[in-house]
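Colleague: Residue numbers (our numbering), protein chains in the order written: chain A, 815 to 1169; chain B, 815 to 1169; chain C, 692 to 947; chain D, 692 to 947.
Keep in mind that the hints were calculated from the coordinates and are not lab data.
Built from N, CA and C at the ideal position, the CB exists for glycine as well.
Be careful, since some hints might not be right.
Stated by the list, open to error - In silico DSBU-like links for lysine-lysine, alpha-carbon gap of 30 Å or less:
| # | chain 1 | residue 1 | chain 2 | residue 2 |
| --- | --- | --- | --- | --- |
| 1 | A | Lys826 | A | Lys877 |
| 2 | A | Lys938 | A | Lys919 |
| 3 | B | Lys995 | B | Lys919 |
| 4 | A | Lys1123 | A | Lys1104 |
| 5 | A | Lys1104 | B | Lys1130 |
| 6 | B | Lys1085 | B | Lys938 |
| 7 | B | Lys1123 | A | Lys1085 |
| 8 | C | Lys770 | A | Lys925 |
| 9 | A | Lys826 | C | Lys770 |
| 10 | B | Lys919 | D | Lys865 |
| 11 | C | Lys865 | A | Lys927 |
| 12 | A | Lys1123 | B | Lys1059 |
| 13 | C | Lys865 | A | Lys971 |
| 14 | A | Lys1123 | B | Lys1085 |
To be verified - What follows is a list of derived Cβ distance ranges for each label pair:
| # | chain 1 | residue 1 | chain 2 | residue 2 | range |
| --- | --- | --- | --- | --- | --- |
| 15 | D | Asp771 | A | Glu996 | 44 to 54 Å |
| 16 | A | Glu985 | B | Ile1000 | 37 to 47 Å |
| 17 | B | Ser1128 | A | Glu985 | 51 to 61 Å |
| 18 | A | Arg833 | C | Glu779 | 20 to 30 Å |
| 19 | A | Arg947 | D | Leu774 | 34 to 44 Å |
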Amino acid sequence: MKTVSSPLLVLKSVSKSWREFQIKDVNLEVRRGEYFVVMGPTGAGKTLLLQLIAGIHYPDSGKIILDDVDVTYLPPERRSIGYVPQNYALFPHMLVKDNIGYGLKIRGYSKNKVEEEVQEISVKLGINHLLERMVSTLSGGEQQRVALARALIIKPKILLLDEPLSALDPETREEIREYIKEIRKILKFTAIHVTHDFVEAVDLGDRMAVMFNGEILQVGEPIEIINNPRNELIASFTGAKNLFKGKVIARRGELAEIDLGGVRIYAATRKLGEVMVAIRPENIVILLEKARISARNILEGIIEEISEKPPYISLKVDAGLPFTVYLTRNALEDLNLTVGKRVYLAFKASAISVF
Amino acid sequence: MKTVSSPLLVLKSVSKSWREFQIKDVNLEVRRGEYFVVMGPTGAGKTLLLQLIAGIHYPDSGKIILDDVDVTYLPPERRSIGYVPQNYALFPHMLVKDNIGYGLKIRGYSKNKVEEEVQEISVKLGINHLLERMVSTLSGGEQQRVALARALIIKPKILLLDEPLSALDPETREEIREYIKEIRKILKFTAIHVTHDFVEAVDLGDRMAVMFNGEILQVGEPIEIINNPRNELIASFTGAKNLFKGKVIARRGELAEIDLGGVRIYAATRKLGEVMVAIRPENIVILLEKARISARNILEGIIEEISEKPPYISLKVDAGLPFTVYLTRNALEDLNLTVGKRVYLAFKASAISVF
Amino acid sequence: MRRVENLFLTFSILGSVIVFALLAPMAIIFFMTNPIQIGEALMDLEILNALLTTFTAAAMATFSALIFGTPLAYVLARKDFALKNLLESLMNVPLAIPHSVAGILVLLAYHSRSSIGEILSRIGIVVEDSFWGIVVAMLFVSAPIFISSARSGFSMVDETFEHVARTLGAGHFKTFFTVTLPLAFRSIVSGIIVTWARAVSEVGALLIVAPYPKSIALLVIERFEAFGLSAAIPITALLLLIGIIVVLTLNYISMR
Amino acid sequence: MRRVENLFLTFSILGSVIVFALLAPMAIIFFMTNPIQIGEALMDLEILNALLTTFTAAAMATFSALIFGTPLAYVLARKDFALKNLLESLMNVPLAIPHSVAGILVLLAYHSRSSIGEILSRIGIVVEDSFWGIVVAMLFVSAPIFISSARSGFSMVDETFEHVARTLGAGHFKTFFTVTLPLAFRSIVSGIIVTWARAVSEVGALLIVAPYPKSIALLVIERFEAFGLSAAIPITALLLLIGIIVVLTLNYISMR
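Bound-form chain A, shown alone (with noise of 0.2 Å):
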């Protein structure tokens, strides 16, 4: 019972520090099952983060436990991780096939067996049309799915994610964003993915760690820590962006029904099910009475507070979900906003991201 409910991946204390990067005194522990994103800035060390995770490095002081065995000094080919570093590294000599098998080849495999189970897992991932490729010719979203292909194939106890949408352009990368939901479907890896994207973390993952320079700094559910950052770094970095989590519910040609829990909007997308949605602060407008206006979305609430963010000044509105509004100074005094006042927030369904 007690090795079921223990965590996956446990870092006593780790510190290392290699070049100009640094980890100092980690703590952190990954369950089983969970999509556990790190967020931070470039140079945070979360690359190092992974690879004293992957064995690739040792740490300097510190422990790492993975399925309730100290692996600190393993190396890493006795410590079944998945490993899909930033640029991929396929492997340019071998065809995306033999990519794909590497890992099950060199556990001494027969050729029928390694053959047998790549067809299977790439068409599980959807790349069986890729197998007798070569390495180069692929575009940077198949080699990505190659990469997870390679990886997941040696049934990891975990799968370490480096940045994995970071070299996509940004219509590839909502598309693996959909395409990694898609396959932890199918195959309920756990997995650690590291971004310096906020929007990946809300988006993908089950919890979250913010890391800065080597430290980390805040660990919980995304929402939890876009409503109580424990500091304002943390809040400058993960910003007012009234993103919330929601599910298309009901659709009106292009218009989708978005419903956040609670709390109904509509958006224009052609998306279906679970969404994530952001409005920024700037394209919120307030009315003090309803109006015939074109603005989807008319929002009844509170102002909760009020305060300076140069150069506007910010409401933060309690309309079911918390959110944020920048409005000039101007318009508070003309309006004769004061905390406490009843309000409704209006934006338009086109003036919401989707994804």
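Mind docking chains B, C and D on chain A? Use the hints.
Modeller: Positioned in the frame of chain A, the structure of chains B, C and D alone reads:
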């Protein structure tokens, strides 16, 4: 008389193909004192065009007339042209002052004379604190300024700028754009500026040419091209961005009142003088009556055109200036919007980009 | 009218002097001989023996450089340690000294009464006037070339490939042989060819360490001294042909 | 407990075999001689003369390579033309043939009764047993090295620098000397050093073309053959020292 009023630079059906790039039958006139922008996507042949004008390559056919002289096959050193390539190409084996003075030294000016003129132009261009520096220690913006000084010190007949802002980060980009405007006032040079960015073209260009696939598709004032793009391709590239030129005429705290030629709007900016204003079509709300709203700008207008712009509906509204607004079909039907209807456009001062 | 590019014209004229100086001697020899003479040279038992000796010795020297130099090159490419730079420089010294001096150094260190030579002679390796002497002398002057080539090949292989292979379950050795080595293959192969060619070309060190058995380079000298210039022509043409093949092969490898 | 990295351990052990094989001979010689003996070698008039002959000849060969090879290298770096690749390959053939074969080729092409040699002899250049013979032989085996080095140096200079210089009023030649050459300076300088060292190291071609005047590499052989191994030690140590200085200078240049 004729000489003074004749165009400074004339390209007569110039064609050239070089590696994967092409120039096809280009005819172009650049007037004396004019800031001329050539806009087109990557690979359109913009750099090759500049190199033909500079004499780095010779055309396969056609003529290039500079200041009434046929320079088609004249080598670059006999054209008197200032050339600032995309990477600036500051000579890394010389100090900043020797870079700037290179053109004069090569002309056999005395050491004192060179030093004097370097000093003079550096003061004018605000870079005299950089003179003793190594090139490798300069920031991108500083390199750009030095490259401009090096090109301008020889008093070229025309200055050629190859994507001068593309290698810079957004902030420096804006700074250098202002800088170019400033030094143009002081030194009054004629320039051709090549870019893929429409904003640069509108902000800097007296006139502009749109280039696709080695061909010049349209020439004219930026505002002319926005309002009357000759074809769909140009229209798609210039985009419906509600881009206007204006002047800050008053300030109220963080708020600036900007005159866009008749129409006045408020925007949150600290800028003064001539500015560019952009309002994204998604960020404009349509009201049927004036309401108590936090949006600082409410303009009355008449719907001129309603068209599909999947996934949105695009409205053209004449509100003194031509505005484009994106709505969902839903909003269109709800508000019963039709061509000829009188509406109010509302947009927030904080949702306007000023540059 | 298009302007002639003066600089390229002038530079081409200047440059053609050295092109001519290098290529004329190679061209001339083919006018002074013919395929039959070259064929006859190949039937000459002394020439054949010398070729065999030289090619085998060069192959053994190259093989030794490969076996011991490849691991060294990999360590140099992947690990930093004190004085690494100095070590790498010193290993190139054999390329920067007169070949006869290289011969003296080799003979002095490895002759059968030296401390190292005594140990070597117990396993049957005597360098004076022996096939082994040719091998050792060739190794000394050519191994640095192989090490540089392999080292730069390994440096160009992104370490991330190795990291991924190891997480996939390959041990460090398996990773080296299935990932690193194949990716550095081209550098290794051109290293082998250049090293072998350098070994074949040696004269000075062989004259000191092992004038016998007769290697082909020394046979050319012997023929020249005994029978004059014309006697050396067919064998020269033959060896020039081999040299041209080597160079074109290298070009082919680097082009792919 | 930290795991020992087996592969690096094994590879270091394997690699140290070749490190030892290369460095031991150089180390040993310094135990067999002393500064006084080396100093005495420098007072030996025959040695001094041979050194002077060799260094001067090598310098002249290098200078010729510089004067004619630099323009050639620039053309190769900037212009594409038919068979350029083949031409570049063929110019490297002198590096891939036995040095005695190189000597035969040079002698055959340039001896005083050959068509080229006759022209050369009219301006006083005779190659057989002459200082000029040493220079020409050295040039043939070392110029390809200079050309490669300069060419790669020029290739690394972005053409845009030249374009800008020309718009600023510098002609093509002025641009070359004020911009291109200074930017390729480091490659040119290391090319000069390596070329000179290669010229000094030559034995085989000199034996064929010009055994006299005595060059230092041949003097080492002569001393060794006449007086035995120990007589060659001081001069060997001296030349080894020079080689070490050359290599460390090169390292310094590439480090900067």
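Colleague: If a hint holds in the structure, say so; if it doesn't, say that too.
Modeller: Verification of the hints:
no. : hint                              : result
1   : A:Lys826 to A:Lys877              : holds, 5 Å
2   : A:Lys938 to A:Lys919              : holds, 20 Å
3   : B:Lys995 to B:Lys919              : holds, 28 Å
4   : A:Lys1123 to A:Lys1104            : holds, 27 Å
5   : A:Lys1104 to B:Lys1130            : holds, 25 Å
6   : B:Lys1085 to B:Lys938             : holds, 23 Å
7   : B:Lys1123 to A:Lys1085            : holds, 18 Å
8   : C:Lys770 to A:Lys925              : violated, 35 Å
9   : A:Lys826 to C:Lys770              : holds, 29 Å
10  : B:Lys919 to D:Lys865              : holds, 11 Å
11  : C:Lys865 to A:Lys927              : holds, 20 Å
12  : A:Lys1123 to B:Lys1059            : holds, 27 Å
13  : C:Lys865 to A:Lys971              : holds, 22 Å
14  : A:Lys1123 to B:Lys1085            : holds, 18 Å
15  : D:Asp771 to A:Glu996: 44 to 54 Å  : holds, 49 Å
16  : A:Glu985 to B:Ile1000: 37 to 47 Å : holds, 45 Å
17  : B:Ser1128 to A:Glu985: 51 to 61 Å : violated, 22 Å
18  : A:Arg833 to C:Glu779: 20 to 30 Å  : holds, 21 Å
19  : A:Arg947 to D:Leu774: 34 to 44 Å  : holds, 35 Å
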